[in-house]
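A.B. asks: Go ahead and model the full structure; you've got the sequences and the hints to work with.
Protein sequence lines correspond, in order, to chains F and L.
Just so we're aligned: the first sequence equals residues 1 to 107 in the working numbering.
Just so we're aligned: the second sequence equals residues 1 to 415 in the working numbering.
Calculated from the structure, these hints are not laboratory results.
Keep in mind the model is a prediction, meaning the values are calculated, not measured.
Careful: at least some of the hints might be erroneous.
Across the chosen pairs, the derived CB separations fall in these ranges [to be verified]:
{"id": "1", "chain 1": "F", "residue 1": "89", "chain 2": "L", "residue 2": "211", "range": "55 to 61 Å"}
{"id": "2", "chain 1": "F", "residue 1": "89", "chain 2": "L", "residue 2": "154", "range": "54 to 60 Å"}
{"id": "3", "chain 1": "F", "residue 1": "105", "chain 2": "L", "residue 2": "269", "range": "54 to 60 Å"}
{"id": "4", "chain 1": "L", "residue 1": "1", "chain 2": "F", "residue 2": "12", "range": "57 to 63 Å"}
{"id": "5", "chain 1": "L", "residue 1": "335", "chain 2": "F", "residue 2": "42", "range": "29 to 35 Å"}
A virtual CB, placed ideally from N, CA and C, is assigned to each residue, including glycine.
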Amino acid sequence: MLILECPCCGVKAEETELSPGGEAHLKRFGPGSSDEEFEAYMFARKNPKGVHFERWRHAYGCGKWFLAARCTATLEVFGTYPAQTSEPPADIVAKIKAKRPDWKGYK
Amino acid sequence: MKRYSVFAIAREALRYHQGWERAWKSPEPKKSYDAIIVGAGGHGLASAYYLGKNYGITNVAVIEKGWLGGGNTGRNTTIIRSNYLQDPSAAIYEKARALYETLSQDLNYNVMFSPRGLLMLAQTHHEVRGYLRTVHANNLQGVSTEWIGPGRVKELVPIINIDGPRYPVLGALYQARGGTARHDAVAWGYARACSAMGMDIIQQCEVTGVTQSNGVVTGLDTTRGHIGCKKLGIVVAGHSGQLAEMAGFRLPIEAVALQALVSEPIKPCMDVVVMANTVHGYMSQSDKGEMVIGGGTDGFNNYTQRGSFHHIEETLRALVETFPMISRLKMLRQWGGIVDMTGDRSPIISKTPLGNCFINCGWGTGGFKAIPGSGWAMAELMAKGEPGPLAAEFSMWRFKEGQFIDESVAAGVAH
Chain F
1 MLILECPCCG VKAEETELSP GGEAHLKRFG PGSSDEEFEA YMFARKNPKG VHFERWRHAY
61 GCGKWFLAAR CTATLEVFGT YPAQTSEPPA DIVAKIKAKR PDWKGYK
Chain L
1 MKRYSVFAIA REALRYHQGW ERAWKSPEPK KSYDAIIVGA GGHGLASAYY LGKNYGITNV
61 AVIEKGWLGG GNTGRNTTII RSNYLQDPSA AIYEKARALY ETLSQDLNYN VMFSPRGLLM
121 LAQTHHEVRG YLRTVHANNL QGVSTEWIGP GRVKELVPII NIDGPRYPVL GALYQARGGT
181 ARHDAVAWGY ARACSAMGMD IIQQCEVTGV TQSNGVVTGL DTTRGHIGCK KLGIVVAGHS
241 GQLAEMAGFR LPIEAVALQA LVSEPIKPCM DVVVMANTVH GYMSQSDKGE MVIGGGTDGF
301 NNYTQRGSFH HIEETLRALV ETFPMISRLK MLRQWGGIVD MTGDRSPIIS KTPLGNCFIN
361 CGWGTGGFKA IPGSGWAMAE LMAKGEPGPL AAEFSMWRFK EGQFIDESVA AGVAH
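C.D. replies: In structure tokens form, the structure reads like this:
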């Protein structure tokens, strides 16, 4: 069972307490952007087999959104961090690099 | 290929069954082919079969990283139906359902198609309205479905509880010619027919790269060496994103796990397929007597072919409410598959940014029922280089244009 520690309230929450929210760190596009940008924002996803950064909500807990780094090929969780970031924090990236030396990095 | 027939059984019975030949050959890959299809599941093999049968292209290889039919073809709940609302989906699924009717004769392989009838229960007033609309749409599309009341539902499914306290059964969308088929046999039958046409089915051969020059695919790097090709078809379901990345383009696809399970075998108790989409579960009984059960997908990206336990619990809870007599059944096996979900939950059968590369993916949670139709449309696309009427609406660029095929085409349950 998937267990994520909510960085907002500190609870180690198991899956039934959480709602998945899809890929994290999407750049938003709105009115005035091109069709390609808007399509990419709405539908194109990295969908990697490996390290994935994603949004979760502690739905049946504190109710707050947060972000998690997780491996989609093994379900290993590398860590969670607050949602108020535009890219993964350095300590999480370092942790992933230590465990996955051939990971190509975020971007 | 020696034909299977009653005479073949009699002949072999007289010589201790020594004369049966291998159903398909297992050749070494050639240097190059006119067309390569990646993925020897139902959709890939059907694409190859109709390339040969409808267009005479037989210098074809179907390559597979695992074993034939070992992905979602071997992991589904084998339901076949075509009761969709939107015209493009009704057309391709009805084509598939119609091909299933005579597939055993066509392939000379018993796929055990069983048009036993299929019910989609309406358990809210919104669902009643939705299904009445679907019935009217189906009548216009030439898909034979009807609306039936709760009394008729109880007649068809005596074990159902139509007066559930939460979600009573208010009626059902009934497709009398929907049903099930033997999933492995579909893959095996297509493989045998492809092999008989001289195509190479190469298992245990993983693609590691797509070689190209000037925007055209020249071949594939694989774990068994480089194989050249003039045309490439990517039909790999859950791993479509990986293959697209190797080819250098992106797809509007996310991979998630979908689970299914079967109970211990019991005596025949239900001879139709029942889907209950409000409470989120569907069930049929296999020829062995097992109740075959499916539900919804997990919500997060996953490539591990195993899903979350609480989804099984939710599915069973819903089905126990609908069929109280299954509450004491033990569950025998459970498994998961990786399905490729698109933004509008409808498939993609499309050209790609590479001139001679075509993709067939995004079948999500409902690909098995579509296998013959999908193969038919993909073969037309690969042979002519342009999509035919079945595939035209399923372009991968529909997301940019906003031309969605707006229904949950797959299992019809809200994912």
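A.B. asks: Provide an ascending list of the numbers of those earlier hints which the structure does not satisfy.
C.D. replies: 1
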